[in-house]
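Protein chains: 2
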Amino acid sequence: MLEVVILGTGNVASHLFKAFSEKENIDVIQVYNHNKESLKSFSNLTNTTTNIQQLKKADFYFIAIKDDVIAEIAQQLNKYKGIILHTSGAVGINRLKHTANYGIFYPLQSFSRNTTIDFTEIPICIEANSAENLEKIKTLALTISKDVREVNSEQRKALHVAAVFINNFSNHLYAIGAEICNEHAVDFSILKPLISETASKIQTLSPYEAQTGPALRNDHKTIETHLAILSNKHKNLYREITQSIQDLHGKEL
Amino acid sequence: MLEVVILGTGNVASHLFKAFSEKENIDVIQVYNHNKESLKSFSNLTNTTTNIQQLKKADFYFIAIKDDVIAEIAQQLNKYKGIILHTSGAVGINRLKHTANYGIFYPLQSFSRNTTIDFTEIPICIEANSAENLEKIKTLALTISKDVREVNSEQRKALHVAAVFINNFSNHLYAIGAEICNEHAVDFSILKPLISETASKIQTLSPYEAQTGPALRNDHKTIETHLAILSNKHKNLYREITQSIQDLHGKEL
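Line by line, the protein sequences give chains C and F. Position 213 of the first sequence, counting from 1, maps to 213 under this note's numbering, and the rest follow consecutively. Position 185 of the second sequence, counting from 1, maps to 185 under this note's numbering, and the rest follow consecutively.
Zero decoy hints are in this set.
Any copy will do: because identical chains look the same in the list, a pair fits if it lies in one copy or spans two.
Below, simulated DSS-like cross-link-like pairs (lysine-lysine); rule was C-alpha separation at most 25 Å, straight line:
| id | residue 1 | residue 2 |
| --- | --- | --- |
| 1 | Lys138 | Lys56 |
| 2 | Lys138 | Lys81 |
| 3 | Lys57 | Lys138 |
| 4 | Lys36 | Lys66 |
| 5 | Lys192 | Lys146 |
| 6 | Lys192 | Lys18 |
| 7 | Lys23 | Lys136 |
| 8 | Lys66 | Lys79 |
| 9 | Lys138 | Lys97 |
| 10 | Lys56 | Lys97 |
| 11 | Lys221 | Lys97 |
| 12 | Lys57 | Lys81 |
No lab work stands behind these hints: they were computed from the structure.
Just chain C, with the same shape it has in the complex (with noise of 0.2 Å):
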């Protein structure tokens, strides 16, 4: 049985509890929080605590709490010989030294409170201080995900920016998508078949095999007339990415 502690509350620290409570194998033996009130939905399923002193002896000790804190939380976690890991894309494990045992467990995915995840289709990124802890790692990973990948802090944190302009970028177009539909009286509802579309053709195209659209054709009636139509607010987003597609796609407006 593998013992696991799980410092946080929010989603990750959530969507970890649920996927290992899942597991034989797995034991969740605690939840720290040093807000009570936000371990109440935990308090029935397994041990709770607000004191960062009284955790229990486990293998490993997740610190799924905001990056700005990791490094604070590492230090008070020195006297446990269990691993103790971050789940962050964009925090370097140097910020995890002063444990004896450390690594990073990154599920590169975007977990929102209510929707329900199945952990086993989430690339989980590992490092660890060690080849030993790393194997310990990997095979605790390899138990709600098979897609485990060993990458470095360097290469977490352009990934960690990668999933800002994938996940996060894009859904802003989808909102300037809702905005502009808004403001004509279309039901945005009708754009979603495209949007599922648009992200299925990226698992078995490339990205640039997919593109298509008046930059990458250097459409300039087309990209006139979208000019004209746009509200001044979007105007300035579609002249830059119509730029960027036509520098990326080496054309020239």
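Since the structure of chain C is provided, determine the placement of chain F on it from the hints.
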């Protein structure tokens, strides 16, 4: 039996040909293109012609040819009594006004040559020069799609721009993600589950609700870390989209 003539041999023409050919009550009796070579793949399946003066009598003529020449092609069809349709998102219905019966049949999807598409789920935006023609177009559209909506030319042009943000521009963000991966020797495929999840969330949440990330949280530290990692060619777009997210959500950077 509804008889259809298709003008054009590109992506939209090919996908419409396939969708209509599969229906028992629809007969694609002819495909026209000015270029003989491009008719080859249709010549075993139906009658083909390069002479626009020799089109057969049909219930519907689909002009699935590039936007610039729609009006010119339509003018050459003014002797036909069948309904003249174009399939473009960006061209107004008035470009068909020299014909007797006309309308729009705009499938809101991105078509690639070599992908199979289930038309059932593709929204079709229709418009016509009369209530009677609208009904006929609707009947035809409903044979291949379960989502047929009346959309006027102004709304359709707005949808076309929204589709550029949602499809072309999102795909370009995937391409930037792939570039960042290449620069740091990470396999882009690790981001594919995140791409799927980002699109999939929008089926149940509004894009406004689904927004996450450092721009929304106004997390300066992460934003600065990201800008430091990004190559110069991506910094500007990162800043612009971050700003646009903050404008939409009423944050100040």
